[in-house]
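Chemist: Put chain B on the given structure of chain A with help from the hints.
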Amino acid sequence: MSHPVLSVSEVTVYLKEVIETDLLLEDVFVSGEISNLKYYAVGKHYYFTLSDPVAQLQCVIYSTFIPAIKFKLEEGLKVLVRGKMKVFQKKGTFSFQVVYMSLQGVGAQSKAFEELKNKLLKEGLLDLSRKKSLPPFVSHVALVTAFDSAAMWDFVTVSRQWAPSLKITVIPTIMQGMDCPASVLESLARVYRLDVDIVVITRGGGSAEDLAGFNNEQVVRAIAACPIPTISALGHEVDTTLTDLVSDLRMPTPTAAAQHISFPWTELQKQVKRLLVACVDHIELLFSKETHKVISAIHFIQTHVTELHLKKRTDLGRLLSRLHVSNPLHKLRQGYSISRLKETGEIIKKMAQVSPGDLIQTEVLEGVFESQVICHD
Amino acid sequence: MIEKKMAQLEALSQELESEDIHLDVAVKKYGKALALSSELLTLLTKTESEITVLHHKTETLLNEHAPSV
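Protein sequences, first through last, are from chains A and B.
Those letters in the first sequence? Residues 1 to 377, by our numbering.
Those letters in the second sequence? Residues 1 to 69, by our numbering.
Since the hints were made in silico from the structure, they are not lab data.
Even glycine gets a Cβ: it sits at the ideal position worked out from N, Cα and C.
Wrong hints could be hidden among the right ones.
Derived PhoX-like pairs: lysine-lysine, alpha-carbon spacing no greater than 20 Å straight-line [said to hold, decoys possible]: (1) A/311 <-> B/46; (2) A/84 <-> A/16; (3) A/331 <-> B/32; (4) A/312 <-> B/4; (5) A/331 <-> B/28; (6) A/16 <-> A/91; (7) B/57 <-> A/293.
If you want the footprint, here are the derived chain A segments under chain B, 3+ residues with CB under 8 Å [what the hints assert, rightly or not]: (8) 67-75; (9) 289-303; (10) 309-323.
Extracted from the complex, chain A is given alone in its bound form:
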C-alpha cells in the first residue's frame, strides 16, 4: 500500500482546517507567564510568549483588544488569556490570538528568580566585596559558549584584532534549553583543569526562556564558587540573569567582553610604540651630536694637515733663498776669488795673516794659481 504524497501547501491547508475549526482551540482559556514582550507601534499591537516551565506559545494581541486589558503588560506576569489558534500558511507557523487577558499574579519563573536572588543576597554571594579583580593583562581565557556560534566568533574576531597574542580555549557548551545547566557545570569543571586567567561565559540574545539555564541555582553557585575570575556576557544588556549578578564582571555583549580584555594589551602596545619612537629619537640625537663631533675633528685634521704642508713649503722657500745666496760660484763669476796661505790652507781675510815671501794659492772660477808675497804695507 503506497502512502499519499502531499505538497507543503496541502499540509498547511490541512493544518489550518484542523486547528482553526477545532472546537477546543476555537475559544480557549490558557494560563501562563509573559515573556519576550514586544510592542509594535505601527500596528499598535503586542507580541509575547506565554510559557510554563516546559512549553511556550507565541501570542499576539491586536490593538482592538488592548483597551480591555486593565493592567500594564510586563514580562514575568502570570496571566489568563482567552483567544483562538491561528495558522499562517505562508510561514508554516501558528499563533494564539488573544482577545482578553486577566492578571493571575507574578509568574512562577519570575517568582523563582526573585526567591533565589533574595537567597543569594542573604548569603552574601551577590556582594560587591566578594567579586574578584580581573588580572590587568589576560594571557589565556576560557570561553564557555556554543561552538561556532555568533557569540564565539564575535569574541574571537575582536580579540584577534586587538590582542593577537591572547590565547583562547573554547569550551563548547549548550547555552540554552533543558541541557544547558548540566552542560555549563561540566564546562566549568573542565575550566578548572586549564591554566587560564579568566573565564568568559557568553551567548547572544534570546528569550527569557532561552536564558533560564543561567538562573539555575547549581550554575549560579558554581560560578560564585569559581576561583578563577569570571565575566558574563549573556544576551543583551536588558536581559539580567543571576549568573550576571554573581559573576565578577558583567559585560553587555561578547564583543564588549573581548574589548574589555584586549584593552590593556592595546594600551600597552601604544605605550611601547611611543617609548620606541622616543628611544629612536634619542639615539638619533646622540648619533647626530657624535657625528658633529667627528665632522669637527675631521675638519680640524684637514686644516692642520693643510697648514703643516704650507709651513713646509714656506720653510723650503726660505732655505732655497738662503742656498741661492750661498752659491759659491756666484761670487767667483762676478770676479771675486779666494786666497789661502799655501802652508796652512788658511783663507786670507786680513793683511796681518801674510808676510813677504809667503806662498799663496788663489781660486778663481776656472782654477787655482800660486803667487808669492813680495811686500805689504
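Modeler: For chain B alone, coordinates are given in the frame of chain A:
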C-alpha cells in the same frame, strides 16, 4: 721623510754659509743641496696632491653620512 730632508738641507745651508769652507767642498755641498731641494719640492708636490684627494674623499664620505636631524 720631509722632516729629515729639511733638516739635512738646513745643515747643508749652514755649512755653505761657513766662512772657512773650501770652494770645491762648497760646490759639492751646493750640488747636494740643490738635489735635496729638488727631492723636497717633488715630495711636497706629491703630498699636496694626496692631501687634495683625501680632502675630496672626506667631503664625499661626510656628505654620504650626514646626519638626518
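Chemist: Against the structure, test the hints numbered earlier, and report the numbers of the ones violated in rising order.
Modeler: Violated hint: only 8; rest satisfied.
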